[in-house]
Amino acid sequence: MKKHNIFKSIPLIIGVSFVTVLTIMMLVSLFYTPYSPNAMDPSDRLAQPSFTHLFGTDNFGRDIFSRVMQGSQTAFLIGFSAVSIGLFFGFLIGACAGYFGGWIDELSMRIIDAMMALPGILFAIMLISVFETGIRNTIIALGIMSIPSFARIVRSGFIQVKQFDFVKASIAKGAGSFRIIFQHILPNVTSPILVAVTLSFSGSVLAEAGLSYLGLGVQPPDPSWGRMLKEAQPFMSTAPWYVILTGLFITFMVLGFNLLSDGIRDLQDKKS
Amino acid sequence: MKYALYKLSTFLMTILLVSLIIFTVFQVLPGNPAQIILGMDADTQQIAQLEKELGLDKSIGERYTSWLSGFLMGDLGDSLKYQQPVLDVLKDRIPVTFSIAIYSILLTICIGIPLGIYIARTDGRWISVFLSMFTQLGIAVPSFWFAFVLILVFGVTFQLFPTFGYVPWSESFIGALRSYFLPSLALAISNIAVVIRYLRNTILDQAKMDYVRTARCKGLREKTIMYGHILRNALMPVLTIMGLIVADTLGGSIIIENVFALPGLGNLLIQSITSRDFPLVQSMVLYIAILVILVNFIVDLLYKLIDPRVRLKG
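Residue numbers (my numbering), protein chains in the order written: chain A, 1297 to 1568; chain B, 896 to 1209.
The set of hints was computed from the structure by calculation and includes no laboratory data.
Using N, Cα and C, we set each Cβ at its ideal position, and we do this for glycine too.
All the given hints hold, so there is nothing to weed out.
Okay, the calculated bits of chain A under chain B, using three or more residues with CB under 8 angstroms as the criterion: (1) 1305-1317; (2) 1493-1507.
Negatives, chain B to chain A, calculated, CB over 10 angstroms: (3) Asp952; (4) Tyr959; (5) Gly969; (6) Pro1009; (7) Tyr1013; (8) Thr1017; (9) Pro1057; (10) Glu1066; (11) His1124; (12) Leu1134; (13) Ile1193; (14) Val1194.
If we strip away everything but chain B, and leave its shape as in the complex, we get (with noise of 0.2 angstroms):
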């Protein structure tokens, strides 16, 4: 309970920072945001208009503030361009990007965690060295040109996926299935890369250990000390890069999206940016902050959950 809390407090912590950043970063617009956001031609009827929306008649404390509390009441203020609540704009979008993202982090978990064991247990230095490469480059691939590669091969060439745009779930589950594959898989594919070697370190540490050791001398079979036994204690530290993981997917999305002409967050990030629309984009970034923090902090729990060892700063 004292490690929930703790959690807790510090979860609350790193968002209250992470607001001060967002929100110092957007104060540093250099010269007038409402000028920046109107043009050079705007009239100075337009431009004082424009300030008192943006509060900036306001102090800078006082901004903060109401930006803040209006973000945690569900209010994230009002687009400049689409004319109405950022909330209202980001509802068409979040479900998009969060198919993508959790299609992506299924494919990662259902492709990276087989192939980590797979790896772990051929023991040959040629096959090592070389899957270890492998590995390097899935690192090493940008994700949008690896989505070109896919969009050549699967969608131009075999024809075998749509190469843009997307089926809603509610229409053809399969067709949903299919329009998002190719951008979940390119946007998995340096996580599948990341997990396979992680997977396989811990798996190789673990293997060393006496209880392995112990298992052995009882006679159990090969299979039944690595999923048994081993798989159990290393597949935990897996779930640490978790965090790590949902950041990379809901960063890379950013790209992915504007790659396949996806209507997602990412796509409407950076028309918000072309088009100078800064609250919505100051909430966005605010809003995809905040579920990173959160999956970092359920993560904590539920390590703590699965392994009761963990215990404060320790």
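Chain A with its partners taken away, still in its complex shape (with noise of 0.2 angstroms):
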């Protein structure tokens, strides 16, 4: 049995390691990187990795391990806020569904459905053609994206428990919807919340790195994994390190945060 438990967590383990790494790399290029990210070196273009360019150069010489560093604060900056935003409003249409029922559920729903009938990269290029591109419509609108799978799950969870018969109690003896939500209700949904937050997180990432890479996301000097994407596709046969280096920590950052959100479910599932 002990040992069906260590294979079952490795996931978990290598999610938390990759989350792990990648937090330490955001918070030290907060105030350290080898060379300065924008710093350009004309006679040192595309050079390929070494000791001295750990990633190699670009094409205007300045070294990319220095901008992958700086890029994850723009990851970690859009996965974070976007998914604040989706939580906070995902959360209020959820619980408000859930808890009350009736016609404000039938109508959130069928606006969330509807909003899900829409790819969500589509989604969100539809609002930045509206607004405009950079950082913060970005965050807008991958926030606006995962309102959805938010209201849902808050919804379904806040329906299973209102069943439970502590909340039924606690509403006979009269207590406000605020408090019963916030006090007997939500402790009870945390981890299916947990779940999505992390899945969301990996979600925005993601597709900041698609919005950037057509250019309707993160604008330069931003430092963005999406757009050094954009940039280094010219080059990808003379120098393709460029675009397989930027584009695995892309891949490391969905990868560590979708097994985090596995792994959280399999803790979750032998609570049950």
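Hints in hand, dock the two standalone chains.
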């Protein structure tokens, strides 16, 4: 039995280590990068990875590793903020729908269904086409994009927990809706929400990379992995490491958070 | 019949709501849309002209109903940049996107389902952890980056496939098949991983069922049990994620078309956004959304047809 547990937790261990390493890298980059991420060196363009330039240099002679480090800040910022927006509004909608039921539920779920009918990236692209590109609008678009999944999860959690006796008891006692929602129901729906948070984080990172690659996301001089890939594409055959190493970091981050969410789900299944 | 009618009404309702959402988003354009489209140095006469073309002199309600009813009648409005009906602009683009999308979904089915079955049958712990990690990787990889890797390996190093543009089907079937292969595979990778994971779970769930034990007691061979009994039941839930896969494929093709310089809908969408051709963007978004909703509607009906147990709300 014990052996089984170890096998089960391998993905979680890998997930946690990826996320930890990336977090440390992001924190370090706030104070230190090997080179200035924007310092150009025309004499050292598209240099191969070496001890002086760990990941080589780009077409302007900028150190790719330093830029990747700095890009992690944007990835974390966008992931964190988009998830916060999605969680806040998704929770609000889902909690109201699940708690009050009736026409509120019917109406909000219809709208959520309609939002979900649009492919996520298309929805974000549509929002950005109307507003403008840049970090702030990318965050808003990705935040709105992740509202529906949060709303659904929170709603089904609420409907489930509402049936429990202790909730019914406190309704009978005359506790207010606010108190019931935050004190009684919320603690019981945290783990599915946590799963959704990690998944939506990786989804936002992936979507940001896609948007920035299309030129609709983060704009220079703000660093972004997606933009770096766009800039690297013309040099794909002359400097393949530029494309490959940058993309690997997006993959690591998304994979890390996905494995984390899988692990949390497994733990939660075991508990129940 | 009641089921079909209920689904039809939700189908129409969703289209209505989606169109309303899309329309609303384009209404909150900050400032005067005509001014934004034409740029700062446009003169007032030009702006007034465009305002009239866009119907900005009418009320919001009128604009919405005329847009939606026009859309449903096949009049998708006029593109500003191309100075012709949106439908004419889309006509050349649609076959390209459809080719990649259908190709990619076929690849997903042909690779994902056999692999899912194979993985469900291999019950080693190491191997299942390894394979589960591998499918997670498939989901995590950004499709456009995977496309770069494919281009590097198959296009540049081995020179097996063309890396940009396409050959029309009418010109050469094999040529088209080759030219669409890399974009379709890049697009399919995450869906393949999803299908494998999903199918493996449903097969393992089904394998615990009583009817499987009965079949085994009857002395049936494992192969017969797998293909004759389990798979029939395990494949059905996979159908439900088809809607998701189609949505993902159409969304993903927006990016992939730009990697391979394919003149499809996604490519046009990005160009139209850059040139601020809002009528075209608005109609294209609705067009793609309706495709996705339609597929979901068909999946629902098919599901009912295959599995008569499916009931309303239940």
